Amino acid sequence: GESVGLHLPTLSVQEGDNSIINCAYSNSASDYFIWYKQESGKGPQFIIDIRSNMDKRQGQRVTVLLNKTVKHLSLQIAATQPGDSAVYFCAEKEETSGSRLTFGEGTQLTVNP
Amino acid sequence: KAGVTQTPRYLIKTRGQQVTLSCSPISGHRSVSWYQQTPGQGLQFLFEYFSETQRNKGNFPGRFSGRQFSNSRSEMNVSTLELGDSALYLCASSLEQGRSDEQFFGPGTRLTVL
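Those protein sequence lines, which keep their order, are chains Y and C.
Going by the numbering used here, the residue at position 66 of the first sequence is 66; the numbering climbs one at a time, nothing skipped.
Going by the numbering used here, the residue at position 74 of the second sequence is 187; the numbering climbs one at a time, nothing skipped.
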């Protein structure tokens with residue numbers, strides 16, 4: 001069967017390494033997915049989004065992968081930097097549900113210099 | 114362009130009191146959503162307002178209420194505070210409800226109930 005990355009509450013990487021953060025979502029009707037970054041003392045900050053008609057989307061140093069078959073989302077950060085240290089959340093939404101987001105459990109990413 | 118602002122940033126209340134939190138969305142944004150963030154439950158949706166109307170509501174008791182004004186500013190109120198209401202309350206705004214456009218979050222109001 002296909003391997004699916006597990007969600008980890010914490011992830012520690014070395015500066016310059018690539019990071020992969022995983023998320024499982026629950027609602028098969030969700031058609032829009034977002035990754036947020038939350039730094040200490042701040043609100044979540046948008047990183048990248050993807051619609052359900054896509055399976056991959058790339059941004060600057062970040063890539064989001066969507067596997068609808070197993071309801072799995074991942075965020076890949078290339079060349080991780082100390083400034084990437086934060087809690088990362090995935091969120092899902094149905095386009096018919098207005099702006100209501102359902103958040104997954106966060107992953108605390110720590111980048112060691 | 115100014116971001117989403119929330120006031121106050123910090124609040125300390127005692128059980129049984131009530132509290133009102135305020136959110137000013139980004140200029141031009143018509144949708145405002147509220148979320149509660151706690152270590153145990155994570156980020157949970159409270160409600161969403163669009164054009165002064167509540168369009169969505171999460172699974173919170175009736176002690177939690179909100180409203181939106183004609184200038185899109187929003188307030189949420191929690192009555193008869195309980196210890197478990199201690200949390201970071203986040204407000205998010207977006208341009209138009211029902212579309213997959215970006216939501217911008219404010220810094221939150223940290224509420225502590227003693």
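No lab work stands behind these hints: they were computed from the structure.
Nothing here was measured: the structure is a model prediction, and the numbers come from that model.
One or more hints might be untrue.
To be verified - Heads up, incomplete: computed chain Y residues facing chain C, CB under 8 Å, no partners named:
1. 25
2. 39
3. 89
4. 103
5. 106
Unchecked claim - Straight-line distance between alpha carbons at most 20 Å, and here's what the computed EDC-like set of lysine to aspartate or glutamate pairs gives:
6. Y:56 - C:214
7. C:170 - Y:95
8. Y:42 - C:195
9. C:170 - Y:49
Ideal placement from N, C-alpha and C gives every residue a C-beta, glycine not left out.
Cross-check of the supplied hints:
no. : hint         : result
1   : 25           : 13 Å, violated
2   : 39           : 10 Å, violated
3   : 89           : 7 Å, holds
4   : 103          : 4 Å, holds
5   : 106          : 7 Å, holds
6   : Y:56 - C:214 : 18 Å, holds
7   : C:170 - Y:95 : 16 Å, holds
8   : Y:42 - C:195 : 24 Å, violated
9   : C:170 - Y:49 : 23 Å, violated
When the structure is compared with the earlier hints, violations turn up for hints 1, 2, 8 and 9 and for no others.
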